[in-house]
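J.: Whole structure, please, built from the sequences with the hints as guidance.
If you read the sequence shown in the numbering used here, its first letter stands for residue 1, the second for the next number, and so on.
Hints should not be assumed to be uniformly reliable.
Claimed, not checked - Below are the DSS-like pairs computed for lysine-lysine, each with C-alpha atoms no more than 27 Å apart in a straight line:
{"hint": "1", "residue 1": "Lys58", "residue 2": "Lys6"}
{"hint": "2", "residue 1": "Lys9", "residue 2": "Lys62"}
{"hint": "3", "residue 1": "Lys58", "residue 2": "Lys9"}
{"hint": "4", "residue 1": "Lys62", "residue 2": "Lys6"}
Claimed, not checked - Across the chosen pairs, the derived CB separations fall in these ranges:
{"hint": "5", "residue 1": "Phe34", "residue 2": "Gly65", "range": "37 to 45 Å"}
{"hint": "6", "residue 1": "Glu74", "residue 2": "Ala2", "range": "21 to 29 Å"}
{"hint": "7", "residue 1": "Leu20", "residue 2": "Asp70", "range": "24 to 32 Å"}
Read the hints as simulated data drawn from the structure, not as lab findings.
The structure displayed is predicted, hence computed values, not measured ones.
Ideal placement from N, C-alpha and C gives every residue a C-beta, glycine not left out.
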Amino acid sequence: MALSYKARKRWALVALVVALPLYIVVTVNVIELFDRPPFLLELVIYVALGIVWALPLKRLFKGIGQPDPDAPRE
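T.: Given below as structure tokens:
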């Protein structure tokens, strides 16, 4: 079942406003549980995790910046 354009837009907003900050807090806290790794390794971990969060949500964000394709044309 495909989401409508409005639903995708709302879920994208929830993902960016709620889920992403929560993901950042959890990621930083998990990394801090262990001894702090060397700077370059820590940078690689954060960059990789920064990419990983977006992969499952790629389809959700696709086309959100475009006009609503289902809207009636003027």
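J.: Taking the hints in turn, state whether each one holds.
T.: Hints, one by one, checked against the model:
{"no.": "1", "hint": "Lys58 / Lys6", "result": "holds, 16 Å"}
{"no.": "2", "hint": "Lys9 / Lys62", "result": "holds, 10 Å"}
{"no.": "3", "hint": "Lys58 / Lys9", "result": "holds, 13 Å"}
{"no.": "4", "hint": "Lys62 / Lys6", "result": "holds, 13 Å"}
{"no.": "5", "hint": "Phe34 / Gly65: 37 to 45 Å", "result": "holds, 38 Å"}
{"no.": "6", "hint": "Glu74 / Ala2: 21 to 29 Å", "result": "holds, 25 Å"}
{"no.": "7", "hint": "Leu20 / Asp70: 24 to 32 Å", "result": "holds, 27 Å"}
In summary, this structure violates none of the numbered hints.
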